[in-house]
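**Student:** Kindly produce the complete structure, drawing on both the sequences and the hints.
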Amino acid sequence: MAVAHWFFEPEPASGFVIQEHLRQTFWRAGLSTLWIECHQATPPFRAEGYWEEVALALEWDTADWLLLMLSQDAPRVVQVTQLLLGFKPLARYVQNGRVVYEWRARNRQQRLEELRGNQALENLEALGPAR
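Quick note, the numbering used here runs 29 ahead of the 1-based positions in the sequence shown.
Quick caveat, the hints were computed from the structure, so don't treat them as lab data.
Idealized CB from N, CA, C, for every residue including glycine.
Worth double-checking, as some hints may not be accurate.
[As the list claims (entries may be wrong)] Derived Cβ-Cβ restraints for the label pairs, each shown as a range:
no. : residue 1 : residue 2 : range
1   : W64       : G146      : 28 to 38 Å
2   : Q138      : Q53       : 14 to 24 Å
3   : W64       : S43       : 12 to 22 Å
4   : G146      : E38       : 26 to 36 Å
**Tutor:** Have a look at this one:
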């Protein structure tokens, strides 16, 4: 069951409110050492922080797509994010030295084809169903 209300429902244009929603959601899901701050309080939203030794960033548009960008792969963060969203990421790839997991709620097949055609991406791996 998805519990990431900050992804599925419009957020107020308040960095404070957004980062508190993010923190509380991830903390309740078991990532109690995660720290995150909102850097963009309007779509596309952006928040940056860390979990243990891993720098991370989230970028998303309400109920459409989410990117989780990591300084190194962190399966636990990915697992919790998947649990919170309620569906698997579409793909995993490396871009500009960062590991990126991408979730898409719509147009998954089209986006996967776009990713496959992007020569700037390394180690592209399809993870979830494209439909």
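**Student:** Note whether the CB distance of W64 and G146 lies within 28 to 38 Å or breaks it.
**Tutor:** Distance hint for W64, G146 holds at roughly 36 Å.
**Student:** If you check the beta carbons of Q138 and Q53, does the distance land in 14 to 24 Å?
**Tutor:** Violated, at about 34 Å.
**Student:** Is the hinted range of 12 to 22 Å satisfied by the C-beta distance from W64 to S43?
**Tutor:** Cβ of W64 to Cβ of S43: about 18 Å, so the range 12 to 22 Å holds.
**Student:** Within 26 to 36 Å: is that where the Cβ-Cβ distance between G146 and E38 falls?
**Tutor:** holds (32 Å)
Hint 2 from the earlier list is the only one contradicted by this structure; the remaining hints agree with it.
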